[in-house]
Amino acid sequence: MAVIRRLVLDVLKPHQPNALDFAVTLAEQGADYRVRLTVTEMDEKTESTVLVITGQNIEFEAILAAIKQMGASVHSIDEVEVCATGPAPE
Amino acid sequence: MAVIRRLVLDVLKPHQPNALDFAVTLAEQGADYRVRLTVTEMDEKTESTVLVITGQNIEFEAILAAIKQMGASVHSIDEVEVCATGPAPE
Amino acid sequence: MAVIRRLVLDVLKPHQPNALDFAVTLAEQGADYRVRLTVTEMDEKTESTVLVITGQNIEFEAILAAIKQMGASVHSIDEVEVCATGPAPE
Amino acid sequence: MAVIRRLVLDVLKPHQPNALDFAVTLAEQGADYRVRLTVTEMDEKTESTVLVITGQNIEFEAILAAIKQMGASVHSIDEVEVCATGPAPE
Amino acid sequence: MAVIRRLVLDVLKPHQPNALDFAVTLAEQGADYRVRLTVTEMDEKTESTVLVITGQNIEFEAILAAIKQMGASVHSIDEVEVCATGPAPE
Amino acid sequence: MAVIRRLVLDVLKPHQPNALDFAVTLAEQGADYRVRLTVTEMDEKTESTVLVITGQNIEFEAILAAIKQMGASVHSIDEVEVCATGPAPE
Amino acid sequence: MAVIRRLVLDVLKPHQPNALDFAVTLAEQGADYRVRLTVTEMDEKTESTVLVITGQNIEFEAILAAIKQMGASVHSIDEVEVCATGPAPE
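Protein chains in written order, with my numbering: chain R, 307 to 396; chain Y, 307 to 396; chain Z, 307 to 396; chain S, 307 to 396; chain B, 307 to 396; chain G, 307 to 396; chain F, 307 to 396.
This is chain R alone, in the form it adopts within the complex (with noise of 0.2 Å):
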């Protein structure tokens, strides 16, 4: 078993929910996650992004829901940490 301890994410999103609103939404889907979301490019009608999420045990799956529920999309998975929890398969 691996536990997912910190994501790095290339987020294209829309203008709206602003980047306020889109990081509390992020980070309200677990009880400890830290969300950092940097604009790092804007055009007229989207905003690059990169979202860095830290948690004891995040769960990506949720994150994904919650991106694409609000209309955005992951452009790529950047940098992963992960940690094992429990003794290697036999």
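Please note: incorrect hints may appear among the correct ones.
[Claimed, not checked] Heads up, simulated EDC-like pairs for lysine to aspartate or glutamate below, C-alpha to C-alpha not over 20 Å straight-line:
1. Y:351 - S:316
2. S:374 - S:316
3. Z:351 - R:384
4. F:351 - F:384
5. R:351 - R:385
6. S:351 - G:316
7. G:351 - F:385
8. Z:351 - Z:385
9. Y:351 - S:384
10. R:351 - Y:384
11. G:374 - G:384
12. G:374 - G:334
13. F:351 - F:327
14. B:374 - B:384
15. B:351 - Z:384
16. Z:351 - R:327
17. Z:374 - Z:334
18. S:374 - S:384
19. S:351 - G:347
20. Z:351 - Z:384
21. F:351 - B:316
22. B:351 - Z:316
23. B:351 - Z:385
24. Y:351 - S:385
25. Y:374 - Y:316
26. B:351 - B:385
27. F:351 - B:385
28. F:351 - B:384
29. R:351 - R:316
30. G:351 - F:384
31. R:351 - Y:367
32. S:351 - G:384
33. R:351 - Y:316
34. Z:374 - R:316
35. G:351 - F:316
36. S:351 - S:384
These are computed hints drawn from the structure, not numbers from a lab.
Predicted model, so just to flag it, every value in this text is computed and none were measured.
Take the given structure of chain R and dock chains Y, Z, S, B, G and F to it, following the hints.
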């Protein structure tokens, strides 16, 4: 639920009030806000500034209102840091 | 005797499994492995990644097998950190 | 209420008083001020300097008056750090 | 008397043994050696590597012999750190 | 009142006394001075140096006199750090 | 009185003794010297090196003599750090 711990805003302000009074007014919107204002560009009428606001639970609406009241405008939300403060919704 | 404490590998992987599942599978090869995967380049079919694996006693063969099983290949061993764990041979 | 903890000023000063006496005079405007003066440019008559002033509660007006009294001028307020010191206004 | 605490060597090695086995063999020359091997360049037959070896009392001759035995050669000693371990000669 | 805690001076010195003796002489002007001298440029007759002097209460006049006595000159005061040591004047 | 705590010397040395033996010999000039030798340039006959020597009370003359005895020469004293160890002269 999630709270805002750090906000980085790109704000365009007139010369008056000066950077100092502008930062003091924003800091006074909360009981523990710390505000760092850096002037990045200056032209005849306006100053481009980067505002970093930190606090345990930043109220964005109050900050936004104070900024507008001083004749300035938020050009973009460059970075946000939020923390979940309770169990994720079922 | 010496044990491997840190491995930096340049690995070429297909898009599936995605970076997350790829890293989780590698982490699960040991009881305390920590795996950081960074996507450095992406083209139509593959992703160039840098893998940093840390642990008290990393078993390289198991990591190598898991990488091959997921259709990927080790382009190069970029960095290793090993520690002696007992007296040098006479 | 909010207090000023850190001020970064771009100040144009004449050669006399020298950088040392200039900094000492500003430090003496408060009981715990720490003043760092860096000369960034020098020409025939003047010196461009960056002043970093830190203290628990910097009085900007006193600093401004002392600067003018020594024949110098504040070219710009480059950075300010302020802290709220009490509940936000209702 | 003085002991060697840190050695940085520029070493040219053949592809076999691989970086990992090469580093393990060097680490096993001492009871507490820590070896970090970084591949800086790679061509058809050889790999240029930078080796950082740390330990309480590194025996250079043993390291040198092991490097030669694996078909590699020390291009240069780039950095050494040594410590005196007793009174200077009268 | 304010005391000087740190001074950065751009000093032009002759080759003799050498950098070492020059620094020792300056350090001996106080009971706790620490002097770091870095040679930035060297030509036939002189050496451009950057002097960083730290201490609890640096006496600039004594430093200036010692520099002149060794045939050198202060090209500029590049940086000063001073601290207030008592209540501001009424 | 003042003592030398840190010396940075630009030293030109022949290939023999090698960097390691050269550094060991210098470290042995004192009871607590730590010597770091970095080879910056290498040509047919000589090696340009930067030597960083630290200790509680470095004796420069002994270092200088040892350097000369090994056929090398001090190109320049690049940096010195000295500390006062007693009251300034009246």
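Hints versus structure:
no. : hint          : result
1   : Y:351 - S:316 : 19 Å, holds
2   : S:374 - S:316 : 13 Å, holds
3   : Z:351 - R:384 : 16 Å, holds
4   : F:351 - F:384 : 23 Å, violated
5   : R:351 - R:385 : 26 Å, violated
6   : S:351 - G:316 : 19 Å, holds
7   : G:351 - F:385 : 19 Å, holds
8   : Z:351 - Z:385 : 26 Å, violated
9   : Y:351 - S:384 : 16 Å, holds
10  : R:351 - Y:384 : 16 Å, holds
11  : G:374 - G:384 : 18 Å, holds
12  : G:374 - G:334 : 15 Å, holds
13  : F:351 - F:327 : 17 Å, holds
14  : B:374 - B:384 : 18 Å, holds
15  : B:351 - Z:384 : 16 Å, holds
16  : Z:351 - R:327 : 35 Å, violated
17  : Z:374 - Z:334 : 15 Å, holds
18  : S:374 - S:384 : 18 Å, holds
19  : S:351 - G:347 : 26 Å, violated
20  : Z:351 - Z:384 : 23 Å, violated
21  : F:351 - B:316 : 19 Å, holds
22  : B:351 - Z:316 : 19 Å, holds
23  : B:351 - Z:385 : 19 Å, holds
24  : Y:351 - S:385 : 19 Å, holds
25  : Y:374 - Y:316 : 13 Å, holds
26  : B:351 - B:385 : 26 Å, violated
27  : F:351 - B:385 : 19 Å, holds
28  : F:351 - B:384 : 16 Å, holds
29  : R:351 - R:316 : 17 Å, holds
30  : G:351 - F:384 : 16 Å, holds
31  : R:351 - Y:367 : 23 Å, violated
32  : S:351 - G:384 : 16 Å, holds
33  : R:351 - Y:316 : 19 Å, holds
34  : Z:374 - R:316 : 27 Å, violated
35  : G:351 - F:316 : 19 Å, holds
36  : S:351 - S:384 : 23 Å, violated
Of the numbered hints given earlier, the model fails hints 4, 5, 8, 16, 19, 20, 26, 31, 34, 36; all others are met.
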